[in-house]
Every structure is written in structure tokens, then in C-alpha cells.
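Please work from the sequences and hints to get the whole structure.
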Amino acid sequence: MLRFLVRRLLQAIPTLLILSILIFAWLRSLPGGPAGALLGDKATPEKIADLNKLLGLDDPIFVQYFKFLGRAITGDFGNSLVSAQPVMSEIGNFLPATIELGFCAMLIAVGLGIPFGYLSARFRGGAVDNVIIVLSLVGVAVPVFFLGYMMQDALAAPLGLPSQGRQMAGLDATTVTGFAVFDGIITQEWDAAWDAITHLILPAFALATIPLAVIVRITRASVLDVLNEDFIRTANSKGLTQPIVRRRHVLRNGLLPVVTVIGLQTGALLGGAVLTERVFNFRGLGFLLAEGIERRDYPRLQALLLFGALVYVLVNTLVDISYGLIDPRVRVR
Amino acid sequence: MNTLLNKKKEPIDKLAATSAKGHSLGGEAVRRMLRSPVAITGGVITLLFLLLAILAPFIAPKDPYERYLQSEVILGQGIIPGAQAGFPLGVDDFGRDYLSRLLVGAQNTLLVGVLATIIGVVVGMIIGGLAGAFGGWVDTVLMRLVDVMLSVPSLLLAISVAALFQKPSQWTVIVAVSMVGVPIFARLLRGSMLAQRNSDHVLAATSLGVKRGAIVLRHMLPNSLGPVIVQATLTLATAILEAAALSFLGLGDPDPNRAEWGIMLSRSARQFLDIRPELAYYPAIAIIIVALGFTLLGESLREALDPKNRR
Chain A
0 MLRFLVRRLL QAIPTLLILS ILIFAWLRSL PGGPAGALLG DKATPEKIAD LNKLLGLDDP
60 IFVQYFKFLG RAITGDFGNS LVSAQPVMSE IGNFLPATIE LGFCAMLIAV GLGIPFGYLS
120 ARFRGGAVDN VIIVLSLVGV AVPVFFLGYM MQDALAAPLG LPSQGRQMAG LDATTVTGFA
180 VFDGIITQEW DAAWDAITHL ILPAFALATI PLAVIVRITR ASVLDVLNED FIRTANSKGL
240 TQPIVRRRHV LRNGLLPVVT VIGLQTGALL GGAVLTERVF NFRGLGFLLA EGIERRDYPR
300 LQALLLFGAL VYVLVNTLVD ISYGLIDPRV RVR
Chain B
0 MNTLLNKKKE PIDKLAATSA KGHSLGGEAV RRMLRSPVAI TGGVITLLFL LLAILAPFIA
60 PKDPYERYLQ SEVILGQGII PGAQAGFPLG VDDFGRDYLS RLLVGAQNTL LVGVLATIIG
120 VVVGMIIGGL AGAFGGWVDT VLMRLVDVML SVPSLLLAIS VAALFQKPSQ WTVIVAVSMV
180 GVPIFARLLR GSMLAQRNSD HVLAATSLGV KRGAIVLRHM LPNSLGPVIV QATLTLATAI
240 LEAAALSFLG LGDPDPNRAE WGIMLSRSAR QFLDIRPELA YYPAIAIIIV ALGFTLLGES
300 LREALDPKNR R
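Those protein sequence lines, which keep their order, are chains A and B.
Under numbering that gives the first Met the number 0, think of the first position of the first sequence as 0, with each following residue one higher.
Under numbering that gives the first Met the number 0, think of the first position of the second sequence as 0, with each following residue one higher.
Hints listed in this document are in silico derivations from the structure and should not be mistaken for laboratory results.
Every value quoted in this text rests on a predicted model; they were computed, and no experiment measured them.
The C-beta atom is built at its ideal place from N, Cα and C for all residues, glycine as well.
A few of these clues could be false.
[As the list claims (entries may be wrong)] Capping the alpha-carbon separation at 30 Å, the derived lysine-lysine pairs in BS3-like fashion look like this:
1) A:Lys66 with A:Lys52
2) A:Lys66 with A:Lys46
3) B:Lys210 with A:Lys52
4) B:Lys166 with A:Lys46
[Stated by the list, open to error] Among chain B residues calculated to face chain A with C-beta under 8 Å, some are:
5) Leu202
6) Leu250
7) Leu291
[Unchecked claim] Simulated restraints, written as ranges between beta carbons of each label pair:
8) B:Pro56 with A:Gly159: 47 to 55 Å
9) A:Gln187 with B:Thr40: 51 to 59 Å
10) A:Leu309 with B:Gly85: 53 to 61 Å
This is the structure in C-alpha cells:
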């Protein structure tokens with residue numbers, strides 16, 4: 000088992016290395032190069048040459064790449080052009096918000112997705128099944144940012160929920176960890192904790208729609224597959240009660256593909272978060288990225304994109320490993 | 000021996016044709032789809048949309064680029080005239096007829112989706128086809144590259160490609176969105192190529208002396224097309240949605256003249272939701288219906304082509 004774990008982790012390394020080369024190449028291919036981007040309108044050939052020298056861009060390419068890699072490994076991605084802060088400290092400051100939002104969204108998606116998918120499969124062809132299928136199909140077809148605006152427009156006022164930001168204006172909550180709900184609880188500022196929760200509800204539901212719809216469909220398909228398996232017939236024919244068959248055989252085997260999809264969707268949340276956080280002014284990594292795009296803040300963009308890919312690769316590796324834990328057959332290869 | 004050598008010049012398909020005819024997977028799939036309400040709904044929506052896209056310039060009641068009620072638009076005070084005689088869906092902030100823009104928008108939206116999908120399919124199939132046909136180190140190198148592309152969440156991939164271009168335009172959107180499909184199609188084609196390598200019909204063709212290139216093109220590719228078509232249909236739906244997302248993030252075509260649903264939606268959703276929410280609703284509903292249509296069609300195609308469902 001340990002060998003399997005180590006091998007899986009080692010396999011992620013070449014992927015990340017190639018990715019770092021691509022991002023390095025991307026940085027270099029930018030019009031005017033980073034120096035041009037940094038100087039903006041003030042760029043003159045002499046100034047660009049000076050800055051290139053300062054930034055070490057006159058070194059041979061492979062030297063530059065290894066320097067870039069060395070800095071990237073230690074977490075140094077330069078300073079943001081918008082805030083003039085180190086990009087990594089920006090990411091550190093905004094990360095808790097996105098984790099909070101993503102966690103809530105996945106909680107909603109998994110918490111509703113698996114039961115709905117299972118119901119849909121159990122009552123295949125019935126009215127419940129049809130309604131669930133239609134909703135899940137529509138859920139994928141709605142542009143995420145439009146859904147966000149719709150929620151702000153139609154739900155925020157009637158439900159008394161805030162539609163902008165992470166915190167009520169003027170509420171001066173103590174920051175300990177950066178996780179607003181958690182901070183409110185440990186400092187016993189219950190107002191602040193409640194305020195943070197209300198600010199999370201709408202964006203978390205908006206962000207949850209796509210993973211929710213996908214999880215419903217995968218759960219349904221997988222449960223249907225399992226229901227056709229021989230061992231279910233065996234279990235039924237040896238007289239096991241329905242609840243036991245369902246819990247021990249159907250659900251347990253039916254959830255395997257769902258685990259993979261949950262992993263993939265967790266990674267994909269980073270994409271959806273860009274749209275959701277922009278619409279709700281929820282200041283997390285997605286907001287940072289959207290602002291970075293608008294201002295063409297390349298150091299910030301490359302750090303965020305590499306960071307996003309890193310998280311995605313790690314999540315997928317974890318998923319593979321957990322797959323090996325659940326299903327011993329996967330370990331063999 | 001002599002007869003065998005002569006036989007190999009004949010296309011192997013002719014040999015196959017001499018045997019008894021069974022039910023073809025394709026024919027059965029069509030029959031199954033005609034019975035499925037999901038397939039029919041998806042097919043009807045898709046057909047209507049295609050028809051609309053083709054006929055748009057002829058049925059649009061007004062010129063979509065002409066500014067009609069310009070004097071009545073006072074943006075500073077948040078005034079955009081609503082629906083009225085001659086303008087059943089109202090006008091946008093430039094005073095242009097919204098119905099005509101929506102109709103012509105069908106064409107441009109389809110163009111973005113179709114072109115992005117085609118580029119994704121072609122590039123992905125070349126990569127996957129080479130990897131599947133050659134195997135060995137070609138396979139390893141290409142698949143590592145595909146792994147890397149897959150290791151970036153789709154919207155982030157599209158964003159990074161779009162951010163590469165200094166000036167956003169319709170083409171940068173198309174290229175960026177198409178890159179999302181490339182690794183998926185590459186994986187798909189490689190997988191089914193590998194699966195067929197040791198299959199009976201490929202072995203038969205090989206033992207008859209058919210050349211490797213001909214085997215790949217004539218026997219392996221056609222048998223891999225089913226899943227590719229299914230995936231392309233589904234990609235079309237996501238391509239339209241992703242193009243809209245790029246517009247929303249400011250990476251889309253900045254030309255406010257362009258009548259395209261994603262651009263119309265993101266402009267209206269950002270700027271006029273308080274004044275005239277309909278201006279966002281119309282293109283949003285259009286996008287939802289089209290994405291839904293392609294998704295339904297793709298899902299039912301997948302179901303119909305799945306050999307597991309054959310009876």
C-alpha cells in the first residue's frame with residue numbers, strides 16, 4: 000500500500016514540471032515580455048533592457064528557467080502589478096475565503112447530489128426521476144454568472160440575505176485564521192459568525208449548481224449499473240432485506256465513480272469560483288484572478304494559474320489514492 | 000497463397016459485405032433515438048436553432064446594427080426604452096432592435112461554438128490518433144502533454160489561453176475555448192484506438208496484409224467516431240457557455256457591435272440589470288435552451304450508441 004501511495008505521488012511530479020515549463024514559456028511569450036508588462040506605457044527600449052538585466056532576463060533561457068523554478072518552489076512569484084504586494088502573500092490572504100466558499104459549495108453538491116441521484120435511480124422512469132433529470136440538465140446549461148445575478152435579484156431581498164461581499168460593512172470582526180465563520184466561533188463573536196454564514200449562502204449555492212448536477216447524474220448512472228450486477232441478484236436471492244442490500248451492496252459499490260467525480264469537480268470549482276466570486280464581490284482567489292485579468296496583472300495570473308493546477312493535480316492524486324483504499328483491485332496496477 | 004495475395008487488393012469491406020447482414024449499430028441507434036423523448040426534444044431544439052441561425056439574416060425584422068431610438072436612450076439617467084410597436088423585445092443601450100440582434104446572434108453564437116468544437120476535435124484527434132497509432136514513446140510524450148492540459152480546470156485553461164493574446168477578439172475566444180476540448184478528444188480517440196488494436200477486425204485486416212495507414216484510417220478511425228460525435232455534441236454546449244463566461248470576464252470580443260448571445264448577456268448582466276433586466280434574460284434563456292438542446296442530443300446519442308443497451 001505504501002509503495003502504491005509513493006508511486007502515485009511521484010507520478011504527479013512530471014505533470015507539474017511540464018506545467019511549470021509551459022507557464023514559464025507563457026510568461027516569456029507575452030507581448031513585450033514581463034518587462035514590457037511591468038513598465039506599461041512608460042516602456043522604452045532602453046528601460047526594457049535595463050529591467051531585463053535587473054530581472055535576469057538576459058541570462059540563457061535554461062538558466063532563467065531554473066531560477067524561475069527555484070523561486071517558484073520557494074513560493075516566490077514576484078509582486079502583483081495591481082497591489083505591489085508579493086503575489087504569494089495575496090494568495091495566502093485570499094485563499095481562506097475560497098476554501099470556505101468551495102467547501103460549502105461541495106457540501107451542498109454532495110449532500111444533495113448523492114441522495115437525489117440515488118432516488119432518481121431507485122424510481123427510474125418515474126415522475127421523481129424525470130424531474131430530477133430535467134433539473135440536473137438545466138443546471139448544467141445555465142451560465143453560472145447569470146445564475147448568480149438572478150439569485151441576487153430574486154432571492155437576496157426576500158430571504159433577507161446579503162448579496163455582496165464577505166462581511167457586512169462596518170462590522171469589525173477579529174481576524175485570526177482568515178476563515179470568517181471559524182474566526183467568529185473561536186472568538187465567540189456570534190454576530191460575526193452568523194454574518195459570515197449569511198454571506199456564504201447565495202454564492203455557495205450558485206457555485207454548487209454544476210457539481211450538484213454532475214454528481215446527481217453520475218450517482219444515478221452508477222447506481223443503475225450496480226443494480227444490474229450479478230451480486231445484487233445473488234444478494235436478493237439469498238433473502239437479504241432490501242435496506243441491507245441497498246446499504247451494503249448498492250450504495251457502497253455505486254459510490255466509487257462518485258468519489259472520482261467529487262475530486263474532479265472540486266478542482267473545477269476553481270473555474271466556477273472566478274465567475275461566482277466576481278458576481279458576489281466575494282473576495283477570494285477567483286475575485287483576485289478576475290481582477291488580475293481585467294488589469295492584465297501577469298505575475299498574479301501566472302501564480303494563480305499554477306496554483307490552481309497544483310491544487311487540481313493534488314486533488315486528483317488524492318482521489319486516486321482514496322480509490323485504491325476503497326477498491327483493492329485498483330492497487331494492483 | 001496466390002489467391003490470398005489477390006484477395007488483399009480487394010477492400011476488406013467488400014469481403015465483409017459478402018457475409019450475412021446483421022443489424023448495424025448505427026441503424027439500431029437511429030431507431031432507438033426516434034423512440035426516445037429525450038432524443039426528440041434535443042433534436043427538435045437543435046434543428047430549430049440551426050434553422051434560426053441559417054435564416055436569421057432573412058427573418059430579422061430590422062437591421063441589427065442600425066441605431067433606431069437613440070434619442071430616447073439616456074444612459075446617464077438609466078433610461079432605455081422598453082418594448083413598443085416595431086420593437087417587440089425593446090432596444091439595447093445603442094437603440095438597436097433587440098429581437099433582430101437575438102436572431103442574428105443565433106448565427107454568431109453557433110459560429111463560435113461550432114468553430115471551437117471543430118478545432119478541438121481536429122487537434123485532439125490528431126494528437127490522440129498519433130498516440131494510439133504509434134504507441135511507444137510517441138504515446139508517452141503526447142499523453143503527458145494531454146495530462147498537463149487536463150491538469151488545469153477547463154475554465155482556467157480557457158482563461159490562460161485567452162490571456163495570452165494581447166487584444167481579445169472573437170478568434171481568441173474560439174481558440175481559447177477549443178483548447179478545453181483538445182485533451183478530451185485526444186484521450187477519447189487514443190483509448191478507442193488502443194482498444195481496437197487487438198480486436199478481431201483489425202487482426203483480420205493485418206493478416207490480410209492491409210497497410211498500417213489504411214488500417215488506421217479505414218478501420219480504426221470509423222469505429223472510433225461514435226464516441227467522438229457524442230463528445231462533440233456535448234462540447235458544443237459547453238463551448239457556448241464557456242465563451243459567454245470569457246466575455247463576462249472581459250476576455251471576450253470587446254466589440255459592442257457584435258450580436259452574439261454571450262456578449263449580449265454579459266454586457267447586459269453587468270450593466271443594465273437594474274434598468275432593463277429583460278436585456279439579460281432574453282440572451283440567457285436563448286443560451287440555456289441551446290445548451291440544453293445540444294446536451295440532450297449528446298446524452299441520448301451516447302445512450303443510443305452504447306453497445307451495453309443493444310438487444
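Evaluation of the provided hints:
1. A C-alpha spacing of about 14 Å is found between Lys66 of chain A and Lys52 of chain A, which places the hinted pair at or below 30 Å, so the restraint holds.
2. As the CA atoms of Lys66 of chain A and Lys46 of chain A are separated by approximately 22 Å, the hinted pair is consistent with the 30 Å bound.
3. Between Lys210 of chain B and Lys52 of chain A the alpha-carbon distance is near 56 Å, which puts this suggested pair outside the 30 Å criterion.
4. For the hint linking Lys166 of chain B to Lys46 of chain A, the alpha-carbon distance of about 23 Å falls within 30 Å, and the restraint holds.
5. Taking 8 Å as the C-beta cut-off, the interface hint given for Leu202 of chain B is violated, the closest approach to chain A being about 25 Å.
6. For Leu250 of chain B, the suggested interface contact is upheld, since its CB lies about 6 Å from the closest CB of chain A, less than 8 Å.
7. Interface hint status for Leu291 of chain B: upheld, as the beta-carbon distance to the closest one in chain A is roughly 4 Å, under 8 Å.
8. With their beta carbons about 48 Å apart, Pro56 of chain B and Gly159 of chain A fall inside the hinted range of 47 to 55 Å.
9. One distance hint, 51 to 59 Å for the beta-carbon pair Gln187 of chain A and Thr40 of chain B, holds here, with the actual separation near 54 Å.
10. Taking the beta carbon of each, Leu309 of chain A and Gly85 of chain B are about 56 Å apart, inside 53 to 61 Å as hinted.
Violation of the numbered hints given earlier is confined to hints 3 and 5; the remaining hints are satisfied by the structure.
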